[in-house]
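Residues 1 to 906 in the UniProt record's numbering are what the sequence shown lists, from first letter to last.
Because the hints were derived from the structure by calculation, they are not lab data.
For each residue, glycine too, the CB sits at the ideal point set by N, CA and C.
Please note that a few of the clues may not be correct.
[Claimed, not checked] Here are the computed distance ranges between Cβ atoms for each label pair:
id: 1; residue 1: Pro900; residue 2: Gln594; range: 55 to 63 Å
id: 2; residue 1: Gln693; residue 2: Tyr716; range: 21 to 29 Å
id: 3; residue 1: Leu746; residue 2: Lys717; range: 22 to 30 Å
id: 4; residue 1: Asn383; residue 2: Lys738; range: 34 to 42 Å
id: 5; residue 1: His323; residue 2: Gln269; range: 20 to 28 Å
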Amino acid sequence: MQTFLEHIIDDLTRKGENLLELTYIVPSRRVGVFLTRYIASRYDQPIIQPEILSIEEFVSRESGLEIKPDLEIIPHFYKAYKSVEGVQAESFESFLSWAMTVLQDFNEIDRYIIPTDRFFTYLGNIKELSDPHWSLEANPTKMVSDYLKFWKRLHLYYEALVDECKKIGISYQGLAYRQAHELIMNNASNLKDNYVFLGLNALNTAEENIIKELLDTGKAKIYWDTDQYFLSRPYHEAGNFLNKHFNTWKYFERNSPQFIGDNYSKNKQIHITGASGNLTQVQIAIKKLLELPNNELSETAIILADEKLLIPLINALPSEIEHYNITMGLPLETVGYSSFFKQLVTLYTSMTNNGFYYKDVQALCNTLLFKTVLSKSSNTLQNKIHQENLVVLNKQIIADVIDEPWSKLFEPLNKPTDLVKYALEFITHAKNVLIDQKNKRFELEQLVGIYEVITQIQNLLSDYPEISDYRTVEFLYDKLISSKTLDFIGEPVQGLQIMGLLETRGLDYKNVIMLSVNEGTLPAGKSTNSYIPFDVKKEFELPTYSDKDSVYAYHFYRLLHRVQKASFIFNSDTKSSIGQKEQSRFLVQLINDQENEHQLVIESYEVPNEIHSRELISIDKNDHLINRLKEIAQSGFSPSALTSFVRNPLDFYRQKVLRVDQLEEVEENIEANTMGTIIHSALEELYKPYINQVLKKEHFKLLFKQVDEQLQIAYYKTYNTNQIPTGKNKIIFEVCRKYINKLLQLDLETIEAGSELIIKSLEKDIRAHIDHPELGIIHLRGNVDRIDLYNNQIRIIDYKTGQVKSNQLKIKDANYQDIILDYEYSKAFQVLMYAYLYEKEYGVLPDQAGIISFKNFKEKFIKFSDEQLDNKHQITVEILDQFEKQLFLLLSDIMDPNQPIIEKTV
Numbered sequence: 001m002q003t004f005l006e007h008i009i010d011d012l013t014r015k016g017e018n019l020l021e022l023t024y025i026v027p028s029r030r031v032g033v034f035l036t037r038y039i040a041s042r043y044d045q046p047i048i049q050p051e052i053l054s055i056e057e058f059v060s061r062e063s064g065l066e067i068k069p070d071l072e073i074i075p076h077f078y079k080a081y082k083s084v085e086g087v088q089a090e091s092f093e094s095f096l097s098w099a100m101t102v103l104q105d106f107n108e109i110d111r112y113i114i115p116t117d118r119f120f121t122y123l124g125n126i127k128e129l130s131d132p133h134w135s136l137e138a139n140p141t142k143m144v145s146d147y148l149k150f151w152k153r154l155h156l157y158y159e160a161l162v163d164e165c166k167k168i169g170i171s172y173q174g175l176a177y178r179q180a181h182e183l184i185m186n187n188a189s190n191l192k193d194n195y196v197f198l199g200l201n202a203l204n205t206a207e208e209n210i211i212k213e214l215l216d217t218g219k220a221k222i223y224w225d226t227d228q229y230f231l232s233r234p235y236h237e238a239g240n241f242l243n244k245h246f247n248t249w250k251y252f253e254r255n256s257p258q259f260i261g262d263n264y265s266k267n268k269q270i271h272i273t274g275a276s277g278n279l280t281q282v283q284i285a286i287k288k289l290l291e292l293p294n295n296e297l298s299e300t301a302i303i304l305a306d307e308k309l310l311i312p313l314i315n316a317l318p319s320e321i322e323h324y325n326i327t328m329g330l331p332l333e334t335v336g337y338s339s340f341f342k343q344l345v346t347l348y349t350s351m352t353n354n355g356f357y358y359k360d361v362q363a364l365c366n367t368l369l370f371k372t373v374l375s376k377s378s379n380t381l382q383n384k385i386h387q388e389n390l391v392v393l394n395k396q397i398i399a400d401v402i403d404e405p406w407s408k409l410f411e412p413l414n415k416p417t418d419l420v421k422y423a424l425e426f427i428t429h430a431k432n433v434l435i436d437q438k439n440k441r442f443e444l445e446q447l448v449g450i451y452e453v454i455t456q457i458q459n460l461l462s463d464y465p466e467i468s469d470y471r472t473v474e475f476l477y478d479k480l481i482s483s484k485t486l487d488f489i490g491e492p493v494q495g496l497q498i499m500g501l502l503e504t505r506g507l508d509y510k511n512v513i514m515l516s517v518n519e520g521t522l523p524a525g526k527s528t529n530s531y532i533p534f535d536v537k538k539e540f541e542l543p544t545y546s547d548k549d550s551v552y553a554y555h556f557y558r559l560l561h562r563v564q565k566a567s568f569i570f571n572s573d574t575k576s577s578i579g580q581k582e583q584s585r586f587l588v589q590l591i592n593d594q595e596n597e598h599q600l601v602i603e604s605y606e607v608p609n610e611i612h613s614r615e616l617i618s619i620d621k622n623d624h625l626i627n628r629l630k631e632i633a634q635s636g637f638s639p640s641a642l643t644s645f646v647r648n649p650l651d652f653y654r655q656k657v658l659r660v661d662q663l664e665e666v667e668e669n670i671e672a673n674t675m676g677t678i679i680h681s682a683l684e685e686l687y688k689p690y691i692n693q694v695l696k697k698e699h700f701k702l703l704f705k706q707v708d709e710q711l712q713i714a715y716y717k718t719y720n721t722n723q724i725p726t727g728k729n730k731i732i733f734e735v736c737r738k739y740i741n742k743l744l745q746l747d748l749e750t751i752e753a754g755s756e757l758i759i760k761s762l763e764k765d766i767r768a769h770i771d772h773p774e775l776g777i778i779h780l781r782g783n784v785d786r787i788d789l790y791n792n793q794i795r796i797i798d799y800k801t802g803q804v805k806s807n808q809l810k811i812k813d814a815n816y817q818d819i820i821l822d823y824e825y826s827k828a829f830q831v832l833m834y835a836y837l838y839e840k841e842y843g844v845l846p847d848q849a850g851i852i853s854f855k856n857f858k859e860k861f862i863k864f865s866d867e868q869l870d871n872k873h874q875i876t877v878e879i880l881d882q883f884e885k886q887l888f889l890l891l892s893d894i895m896d897p898n899q900p901i902i903e904k905t906v
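Take these sequences, add in the hints, and give me the full structure.
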């Protein structure tokens with residue numbers, strides 16, 4: 001089938017045009033590459049390439065202004081803004097918070113040739129009326145006044161920026177469009193008469209008026225790439241723009257649109273495939289690719305609606321694909337090394353006078369760049385953080401591990417310019433390291449790109465030395481790196497083509513494979529970056545999200561005009577973002593469209609759920625394992641070890657048998673276990689002087705006064721630091737104080753109620769051994785937080801910083817087997833084991849065993865209870881006999897050499 005570009009060349013040739021003397025205006029440079037190839041094929045000798053311009057290049061040339069990226073315009077915008085506001089101007093940092101969005105709106109206003117005086121007056125009035133009481137207030141607040149003033153003065157900022165840009169010959173995109181529009185509309189007769197516009201669709205007002213003027217004056221021809229199917233269905237969004245052009249342009253009252261095909265409805269093979277995850281999408285795409293004949297690869301395109309899949313796709317291409325070309329650049333922000341500078345900025349944003357927050361240091365050490373050039377030092381430093389439980393790291397701590405020149409990165413800097421300087425030095429050193437290594441070309445390209453971005457930031461900081469906020473540097477980095485790409489080298493017209501959707505404009509392929517055809521990606525949805533309200537956009541005919549959806553629809557369906565085989569793959573993973581696990585509505589339209597000859601196949605590929613599909617792990621007890629269990633039995637089983645077996649035997653095996661302690665995170669916040677340690681330690685020191693004494697009311701006057709001192713000592717001891725708690729730690733430190741004071745208050749109220757209270761021991765380590773009838777001697781151990789005498793009754797008390805409720809300590813219907821079958825009864829098991837050990841060690845039954853929950857003080861002392869007994873809270877010989885019976889069964893399960901360790905689902 002003839003391609004769109006071939007049809008144009010044939011038509012121009014039939015009309016006797018000299019192909020080499022025409023100026024072609026195309027949707028993208030990519031189209032220009034193929035157009036040149038088709039033109040050259042019509043000549044037997046080498047040719048001088050005709051002039052081929054993208055629409056933006058054409059506009060820039062005719063405007064006489066050099067279009068610059070928005071971020072390069074920002075400094076000039078700030079200069080213009082200051083010329084308006086004078087000494088009242090905001091700082092550059094504050095200006096940045098709104099300037100990028102305003103510049104985007106200026107772009108829209110200019111591209112659509114909006115009368116600026118009327119627009120800004122209308123916008124200011126709308127903003128004032130949007131909250132009526134503001135305009136009716138006799139004395140509005142400064143915030144309200146500043147807000148309204150901003151909208152009233154926006155036109156002044158616009159005019160000042162336009163003057164500044166024209167004065168130095170540069171432009172943001174919209175200004176160039178307005179300038180070109182003005183010049184061409186007034187001087188079209190002076191232009192050449194050899195323009196050919198081709199493959200365009202959605203046009204802004206400036207483009208539309210320019211093209212209409214050139215057509216009406218006979219200076220141009222235009223070729224559209226559309227299909228009768230969409231033009232005959234006004235409701236179809238793929239034809240929205242072209243239907244509008246054909247129905248409203250006077251030129252088409254006397255000329256037929258060229259070129260309207262009739263190919264979409266013809267027979268095509270279309271596969272729609274749901275894939276559970278992005279990697280599965282890539283696997284399916286490769287499978288579809290390998291099903292094609294080798295001689296069709298140069299007529300095949302893989303299109304990525306989501307550019308993040310580019311690297312996984314490249315890595316998955318099989319060796320059989322010898323030739324391929326990547327037309328889309330790889331966004332620099334998606335490559336591994338790009339996170340380095342962002343993490344570095346975060347490190348300094350959170351820095352205090354004491355040093356660097358440990359998580360920020362870890363995050364920097366874990367960036368790919370840092371690990372590539374300083375792998376050993378990175379591991380050493382992170383081990384040091386964990387081993388010494390470091391929350392804050394000063395320069396000296398880091399310098400002990402990381403040598404010069406790398407350690408300069410952790411200097412206590414005073415301003416962002418120093419940060420940028422040291423980052424550039426680090427990247428230079430990193431480049432030198434990588435140059436000496438083999439096969440690091442891609443990594444070096446990343447570094448070059450990142451170096452260029454940071455250098456741009458350095459130049460901006462040089463121009464604006466008042467920038468002192470590291471977050472502004474991060475903002476600049478995000479903006480710059482999001483627009484920078486790494487370009488791939490390849491043969492542009494040979495082999496498989498890999499591209500984004502926009503690169504397909506004007507091009508045709510026999511086979512198409514598109515990935516990430518999901519709602520929210522294609523089309524992209526309602527996200528917008530604009531201060532202009534929706535109603536104002538509608539009033540002035542500025543584009544809205546529905547117009548952008550129509551652009552996506554056109555590009556999607558245009559691909560199907562001349563294709564023979566198309567595969568559309570979408571991510572059906574239920575873990576995707578809300579809305580983005582759904583297939584695109586374009587696919588739903590294809591499925592429901594019965595008015596064509598398409599052969600439609602709908603498929604689904606799911607990755608098996610590993611958690612539910614795999615068999616539970618079972619481990620036989622070999623001699624080594626049995627010997628390790630005997631070692632544990634000799635040193636003593638603790639309640640926590642036994643309840644971990646109840647919860648999941650595999651956890652017990654890993655932690656107690658293999659002794660694989662998962663690397664604990666440094667507790668920069670006082671988490672539950674460490675908070676318990678601090679509280680226990682402080683309470684022990686507070687009550688220690690009063691052990692074996694009858695507690696009196698006057699004791700508590702001194703105890704309450706000593707809380708802060710003992711709490712600080714416990715905190716410093718636990719964290720091996722003399723730093724005062726700050727931030728979240730300060731808050732939780734106060735929670736610890738509250739808990740301790742509440743416990744003291746609870747004991748004081750007990751005494752004031754007339755009860756006698758004597759603390760017998762604190763943090764008591766108790767041990768016992770049992771003679772198991774089958775297993776022999778087994779040792780048991782436990783640490784009891786508190787043993788006291790309450791009105792001559794012995795109480796075993798365990799403190800819990802977490803929430804505990806009374807039902808967790810109840811045995812109903814004499815079902816003692818629950819304590820070794822159900823982890824929900826782990827609290828009951830624990831206090832019964834303490835009571836059991838106490839009786840074994842002292843030969844005396846405790847009267848009660850239970851828990852004081854610091855998150856449930858209203859229940860005070862939560863006692864173990866057997867709901868079958870009249871005196872349900874009393875620990876009896878029968879209760880401990882029942883416990884011993886279950887304990888023996890549990891130990892048999894653990895120690896029996898013929899009983900494997902079987903994983904539980906948790």
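Results for each hint:
no.: 1; hint: Pro900 x Gln594: 55 to 63 Å; verdict: holds (59 Å)
no.: 2; hint: Gln693 x Tyr716: 21 to 29 Å; verdict: holds (28 Å)
no.: 3; hint: Leu746 x Lys717: 22 to 30 Å; verdict: holds (25 Å)
no.: 4; hint: Asn383 x Lys738: 34 to 42 Å; verdict: holds (35 Å)
no.: 5; hint: His323 x Gln269: 20 to 28 Å; verdict: holds (24 Å)
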